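These are the residues of each chain, in order.
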Amino acid sequence: MTPSLALARAPRARRSWRKASVLPGFPLALGVTLTWLSLIFLIPLSALILRPWELGPAGIWAVVTDPRVLAALRISFGSAALAALVNAGLGLLIAWVLVRHPFPGRRLVDALVDLPFALPTAVAGIALTAIYAPNGPLGQPLSALGIQVAYTPLGIILALIFVGLPFVVRTVQPVLEDLSKDVEEAALTLGATPPQTAWRVVMPAVAPALLTGVGLAFARAAGEYGSVIFIAGNMPLRSEIAPLLIVIKLEQFDYAGAAAVGLAMLVLSFTGLLILNSVQGVLASRGRA
Amino acid sequence: MPLIVANIAKRFGDHIALDGVSLEARQGEFLALLGPSGSGKTTLLRVLAGLERPDEGAVSFGGEDLLAMDARARRIGMVFQHYALFRHMSVAQNIAFGLEVRPARARPSPAEIRKRVDRLLELVQLEGLGGRYPAQLSGGQRQRVALARALAIEPRMLLLDEPFGALDARVRRDLRAWLRQIHDETGLTTIFVTHDQEEAMDLADRVAILRDGRLEQVDTPEKIYESPASAFVFSFVGEGVQLTGDVADGVLSVAGWRTPAPAGTPAGPVMVSFRGECADMLPAAADGLPARILTVSRRGGSSRVTCEIGGQIFTLEAPKSLTTPGVEVRLAPHAVILHPR
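Respectively, the protein sequence lines represent chains A and B.
Letter 222 of the first sequence, counting from 1, is numbered 222 in this note's numbering, and no numbers are missing.
Letter 338 of the second sequence, counting from 1, is numbered 627 in this note's numbering, and no numbers are missing.
Any given hint could be a false lead.
[Stated by the list, open to error] Stretch by stretch, here's where chain A covers chain B in the computed footprint (C-beta under 8 angstroms, at least three residues):
#1 365-371
#2 553-566
[Said to hold, decoys possible] The calculated label-pair distances, taken between Cβ atoms and stated as ranges, are:
#3 B:A393 <-> A:P44: 50 to 60 angstroms
#4 B:S591 <-> A:M203: 52 to 62 angstroms
#5 A:P24 <-> B:A393: 58 to 68 angstroms
If you're looking for bench data, these hints aren't it; they were derived computationally from the structure.
Here the structure is a predicted model, which is why all the values come from computation and not from measurement.
Positions of the beta carbon are idealized from the N, C-alpha and C atoms, including for glycine.
Given the sequences, and given the hints that come with them, work out the whole structure.
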């Protein structure tokens, strides 16, 4: 065996799962990552998963199939899905305008998009309630039309649109910025109409990012508490969200029951994100292999 | 169908991109727009494609007013420097795009589209790669897909914006010959933007040289090389010696050398230009332009010589004799080109 062969073989035998990398610091980085992830994420999460088992499987089933719990889950996830859908269109439009149409005050609008991140959600909820309550400046004309926003599921969706919007805008915006104008011009010279260009050329390029943004907005909205409880009215079976139900159970010292509802939310959210991520993965891998 | 460009002007803010450009191209002609960056050549091409609207001027193609038409309606194929392929579509889908987006009554049947795509793949020598995605192709292959995509709409004219600019030298040379072949097969009027003089001179029937938004000269490559319309054209299209001189009483003085000026040359300050291959290199005792050889790199039958003439440094092709660094020689041009300065 020549010396060079021996050298080449030694590291491969030691750690076969680890690809040799020129970048240093991999063991340290992985160690820090795992420690950190455990402390702030995995350990609390496993507590959440373990706690409900005090009730036994039948007990958990009884808690999550309680009509009030089911209704709350339906309201939380249904409203989150609808809000995410609205945000998909709205966020895409805002990102498009911000990227492609320079207008006076664009920087200001660009900064405003992030406000839902910064504002305490309770403040947003109270502001929305004040405006859309039946005696509020927008609620009054709307209720004259027979549309009641505050204290109904519609109000919940409104609040969730508010908190979810920046997720979509901020994920789509960089992709649109990256999309070279050449491609749209090429479509134009090939005879495509603007709608054809938007649908067949721009959308497929943006779709993976859009899906990620929608997934984030959905996940955030499903667990949203602060902004919703003010505008929702919180009527059991009608406008009571799952996170509120958890708080109610905690106040009644029903810790295991609260954890059971939390577990149900965790499973639903995780499943939803998993589906979105795999669709996104398929979309993103197209043309990039 | 002849293309007539009349007096096109375009400015972007304070920057004048095109300053009254007039140009004609015959049906089936291969015309190169050559110029340094910022000379306006790409802007002119984009005006033709309908991607830019000129401030002034007119463009007609086969008697039709092109400026009155939308880019979409012009049926002009355009190939972009960075390919501009749709990366989420396969090669075949990219090529078929221009046919797929046609309104239903003008759209060929799916079978017909498939047949045309196959024919185009064959034309650009990418048979069997229709199912690949652009990211799986090399730069040269991508540009060939872009060309096939532009040809799919059966364009009336083909525009190429530095199509080989992003490719390495070897691939460029191969694609160049191949592009000329495709042009000859399709007979399309082709306008080609480049900043590479060798590419333009090699490929085009005629070359239009732009500088600062103005047209300097439009002519065949030979004419441009042999009788450049300006000192700028001379220096842009090839290597040679270019010095300031003066003409007085029928005598040209340049860098300490006095020689009879060509008959009919008006007196005054001039730019004196000649190509290296149009000059003899003689010993220092002979009559000619005094030059000192600095470096010599030999290859094949000739050498590339850098020499100092009148305080400036030039690179020339020269025969092997006399070419030793440090030697004083005399350059005797067979003919000099004079431009007033």
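Verification of the supplied hints:
| no. | hint | result |
| --- | --- | --- |
| 1 | 365-371 | holds (count 5) |
| 2 | 553-566 | violated (count 0) |
| 3 | B:A393 <-> A:P44: 50 to 60 angstroms | holds, 58 angstroms |
| 4 | B:S591 <-> A:M203: 52 to 62 angstroms | holds, 58 angstroms |
| 5 | A:P24 <-> B:A393: 58 to 68 angstroms | holds, 60 angstroms |
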